[in-house]
Amino acid sequence: MKLDLPHTTEGWLLLVVVAMVALLGLSTDTFFTLTNFFDLLNSSAVNVIFAVGLLVVLIAGGIDISFAVAASVVQYLVAITVMSIGGGNWVVGLALAAIFGFGLGAINASLIYYFRIISIVVTIATFNLFFGLLMFFTRGVSIYNLPDWWLDRIVLYEIETPSGYAEITLPVVVMIVMVIATWLLIRRLTIGRQLYAMGDNTDGARRIGVNLAGMHFLAYGWLGLCAGLAGVMQAHRAQEVVPNALIGQELDVLAAVVLGGARLGGGRGSVFGALLGVALVTITQNGLNLLGVSPFAFRMIAGAVILVAITLSSGQGRSLLGLLSLRTKRA
Amino acid sequence: MQSKQPILQLTHVSKVFGGSRALRDVAFELTRGEVHCIAGENGSGKSTLIKIITGVYTPEPGAEIVFEGRRFDSLTPVTARQLGVQVIWQDLALFPEMTVAENIAFEMNLSRRPRWVRYDTMRAQAQETLQRLGFALDLDKPLRDLTIAQRQIVAICRALVAEAKIVFMDEPTASLTQTETTALMDVVRRLSEQDIAVVFVSHRLAEVLEISERVTVLRDGLRVGVFPTGEMTQTRLTELMTGKTINHEVRAQDRSDAPVVLEVRGLSRDAEYEDVSFEIRRGEILGITGLLGAGRTELASTLFGLTQPDSGAIRLDGRALALRSNQQAIEAGIAYVSEDRLALGLIQRQAIADNIAITVLDELEERLRLLSGKRKSNLVQDWISRLSIKVDKAEDAVSTLSGGNQQRVVLAKWLATNPKVLILDSPTVGVDVGARAGIFEIVRGLAESGMAILMISDEIPETYYNADRILHMRGGRIVGSYAPVAADIADIELAVNA
Amino acid sequence: MTERVSEQSGQTVIGGATLLDLLRRQQGEVVGLGLILAVVVLLFGLTTPRFLTIGTFQSITFQLPVLGILTLAMLMPILSGGFNLAVTFTANMAGLVMAWVLQSQGGPDAGVFAFVLAVLAALATGAAAGWVMGIIIAYTGAHPILVSLSMMIFLRGLGEFLTRGGDVSGFPDFVGSIGHGTVLSIPAPMLIFIGCVIIWRILLTRTQLGFTTYMVGSNLVATEYSGINTKRTLTLIYTLSGVMCAIAGIVMLTRFNSVRVGHGEAFLLITVLACFLGGVDPFGGFGRVVPVLLALIILQVISSGLNLLGASQHLATALWGGFLIAVMVTRWLLWFLRGGKRDS
Chain A
1 MKLDLPHTTE GWLLLVVVAM VALLGLSTDT FFTLTNFFDL LNSSAVNVIF AVGLLVVLIA
61 GGIDISFAVA ASVVQYLVAI TVMSIGGGNW VVGLALAAIF GFGLGAINAS LIYYFRIISI
121 VVTIATFNLF FGLLMFFTRG VSIYNLPDWW LDRIVLYEIE TPSGYAEITL PVVVMIVMVI
181 ATWLLIRRLT IGRQLYAMGD NTDGARRIGV NLAGMHFLAY GWLGLCAGLA GVMQAHRAQE
241 VVPNALIGQE LDVLAAVVLG GARLGGGRGS VFGALLGVAL VTITQNGLNL LGVSPFAFRM
301 IAGAVILVAI TLSSGQGRSL LGLLSLRTKR A
Chain B
332 MQSKQPILQL THVSKVFGGS RALRDVAFEL TRGEVHCIAG ENGSGKSTLI KIITGVYTPE
392 PGAEIVFEGR RFDSLTPVTA RQLGVQVIWQ DLALFPEMTV AENIAFEMNL SRRPRWVRYD
452 TMRAQAQETL QRLGFALDLD KPLRDLTIAQ RQIVAICRAL VAEAKIVFMD EPTASLTQTE
512 TTALMDVVRR LSEQDIAVVF VSHRLAEVLE ISERVTVLRD GLRVGVFPTG EMTQTRLTEL
572 MTGKTINHEV RAQDRSDAPV VLEVRGLSRD AEYEDVSFEI RRGEILGITG LLGAGRTELA
632 STLFGLTQPD SGAIRLDGRA LALRSNQQAI EAGIAYVSED RLALGLIQRQ AIADNIAITV
692 LDELEERLRL LSGKRKSNLV QDWISRLSIK VDKAEDAVST LSGGNQQRVV LAKWLATNPK
752 VLILDSPTVG VDVGARAGIF EIVRGLAESG MAILMISDEI PETYYNADRI LHMRGGRIVG
812 SYAPVAADIA DIELAVNA
Chain C
830 MTERVSEQSG QTVIGGATLL DLLRRQQGEV VGLGLILAVV VLLFGLTTPR FLTIGTFQSI
890 TFQLPVLGIL TLAMLMPILS GGFNLAVTFT ANMAGLVMAW VLQSQGGPDA GVFAFVLAVL
950 AALATGAAAG WVMGIIIAYT GAHPILVSLS MMIFLRGLGE FLTRGGDVSG FPDFVGSIGH
1010 GTVLSIPAPM LIFIGCVIIW RILLTRTQLG FTTYMVGSNL VATEYSGINT KRTLTLIYTL
1070 SGVMCAIAGI VMLTRFNSVR VGHGEAFLLI TVLACFLGGV DPFGGFGRVV PVLLALIILQ
1130 VISSGLNLLG ASQHLATALW GGFLIAVMVT RWLLWFLRGG KRDS
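As given, the protein sequences belong to chains A, B and C, one line each in that order.
My numbering applies: residue 1 is where the first sequence begins, and numbers increase by one.
My numbering applies: residue 332 is where the second sequence begins, and numbers increase by one.
My numbering applies: residue 830 is where the third sequence begins, and numbers increase by one.
Treat the hints with caution; some may be incorrect.
With a straight-line Cα cutoff of 20 Å, these simulated DMTMM-like cross-link-like pairs (lysine to aspartate or glutamate) come out [said to hold, decoys possible]:
1) B:Lys707 to B:Glu694
2) C:Lys1060 to B:Glu697
3) B:Lys472 to B:Glu544
4) B:Lys496 to B:Asp551
5) B:Lys472 to A:Glu10
6) B:Lys335 to B:Glu544
7) B:Lys751 to B:Asp763
8) B:Lys496 to B:Asp451
9) B:Lys382 to A:Asp203
10) B:Lys705 to B:Asp685
11) B:Lys472 to B:Asp451
12) C:Lys1060 to B:Glu662
These are computed hints drawn from the structure, not numbers from a lab.
Turn these sequences into a full structure, and let the hints steer you where they fit.
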């Protein structure tokens, strides 16, 4: 029998995710319901938007720790702005989120590009700067009286199933739009290819004539934009703006995206992989929940899964797997 | 030759860097479809000249650049590219994660305004360019899966896509095997047939003479002259580059009375080398030559304990060795000067002193197993003076040294371990022609003092004039043995290149 | 390649021996940070009379140790070209183990022997967490950021699972008095921190492990070629980093008289910030203990000074971030003024 094992990280991940889905489908009767599926989509929308944004920065050869804090900053900025102009609406809100987010990303980009400071240093600095200022100016106070348009749940698709109502809400739509937009950017647009080039071989990209300054603003600006939109969506879901609600997410999202095959150092990574990375973590937690495992164990098991996956998918670990697949092929 | 029109003429080109003059009133001329070589030692101004032609540097006022009849005072990278000047850098500047097709046709992605990527057009263009040169490569393979030689073809194709009229190649053969080099030479001829001028910048004199029609020699920022290669010899070219007369004489001696230090019997390792046997005696320099890829470096890796043989025996001073790591090899008295000084031989960013001390940390320990700064600086100063390493401060990074001095640091670091056997793998790679003699002087001195030396080199003259015996390796086997006293260098070259 | 080097060195000669040159030398970092510290102290001293008092000194020396010890734990992996993002949760885990040993030995009635046992168990826990990371990094070549990140997520999850998100407390009285006690009016935690600093400095400057840490950080393969067992080096680096985390965890336990998973979580990025501020090369290979110590003191002085002025801790956080940016930009300026070019 010939077993064709996958060659790419994405391939392996897909295999694992499919196996998990199958296992959960068999062992629980709630996993394979439309309600659960839509719930998964609704609850992971914010993380997926973060993930595709971070993916772009990783492909470009950088790293960003500040995006989750940037999202919180954008939440406040948007809330204050729309309240000061008398309410606004979704169009205004999303446009503001995109602009503010891009602006915060551009701060990172300028520091990284013009002052030649490596991205991890810059974004750790801006993480503290943004978070400190946010907490200082808001005094840690949450905003509950957001405009109605922001708070009202928007259900775009609804279906009644035996296990309750299954709904698709606005964050899912924004998620889908950003996933497609990111895919178009990095796969289908010439500037996206230049981004890959910069991450793959910065020196080579410069010599062939890639505009590195522009690429920095594109990458960090795109992540900022995604973070801004994710922030507004998170506030929509949570029905409030809490200054430290998103802090800590950055490392979880980073782990998921790298799990999905994006390489620290740049040049490699795909939207599909990033989605699978988030899916693996989300489905693990969802599955454990359905299986009745204590919620306190979720993170432990998710951490262990990531640790094992990263060990196996890198360097010697990968060659170990390669050997395995070779042996199976011969057999 | 006379029918060829000049495509590029430079006159009165000078360049000053902070007080030091890198180029002084240099002239350079290139004709359409010509294969030209720029030869010169490090610091002669070669790369400055190339950077002026490619628009990276602006020459001092007074320079005149005429490209196909159009006059310029200086060029920018963009105009140089538009005029058809392309450079294939030593590191190739390709994108390892991208496919062959996208690498070749990447130029299409460089629009000012964002456009849709046209993968089909890119593929077609890549295919067409490959065909134009008569090559076949899998267009969808990621570049990282290609050999260096294949990558070089991709880089050349990319230059063609950009409608190159002049292609500069910066040390193109540095990392190629001999067969790959031959293939590259073939590509260069095809480019020339298509009226594309090719300019080589290369250290390897043999191929310079073989491939190019004319050679421009630079020394200390001055142009020594332009010479047709037809009447040029390696020795003459070396003398022009260094400004010194070099005496080549065979130094070989018969050492067959001395006791055997290293003995290798029937050593084999799958897909690397097979049934290799030889011995090196006290004070003997044994040369191993052969084409790159003959299994020489692989053999050295095993002797240094980095890999383990499948069968066969290694004996040092009569005792059998079963090395499982290079630490054991070093302990046993084997030292290895790697051919890759940049990545393996030295830790470039760290201090000269640390690079020397790293092999003998145990000896630097005093009470409580703490390292003694005094012992370290004594050791370092000792080796710096013994090997006459030109060093400003021992705390400077190794990367600030010239190639020749770096190689001396590598020697110091290994000699500090007091080895019985010293393996030298291509000891003059990246070392100026003028500085090579100094390295060999040290090596000969070590042999005189009783060390057994294994010298691997693909430069046959190097082994011929310095080794006591020469082994010829091909396809992982030892296929010939010569004594320079008895054999003629031409015969050895003939046998190796056959 | 080599030609470019010679051309560059031709350029650097112009400046001659100037202040910039002085700053470039090894001591430049210490001098620069010392000056900044003096300015910061002076500014606060002029702004509020309560600043230059024993009270401020004690508050700084009580708060510095935990962040300081965690920073030391971060320093060694960064020098080796890696990261240890699990420092805070390793400290938490070690604290938890210590707490359990104390509780199993009678809780509030536990004796000194139980305390010693608990400390050893905590150290062993930290060492084990670091060892696992070190082994994975050394033998699979996986990126240290990823390995330590997943270890962090795992330890956080493990800790939350075991404690159900609650506090563990109920220790003998003398435990708390270690955390709050003073010797010659120097807080005990500060003495522990000073001890750690001295050990780390000796380790990095005077031992084989320290030497090879720098070498591994610059070029792992070349170091291995030189006959160094780099796998052992990497494993040891992360193990020792784990031990240092455990010490931080022990100090935290004595300070707060309780253990809670997530305590000190916010310190994680601050430890990295302090390293970078102290001139540690983000790519590894360069960086020293003393400048990092100075950077830590500056950060703590800013925080305590603002606290005295009645400003929130968050303003200090923001200032820390802004401060790091300012220092990095200044370093870039110095480099630029020396004739650094974008394309070199």
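Which of the numbered hints are not met once you compare them with the structure shown?
2, 3, 4, 7, 8
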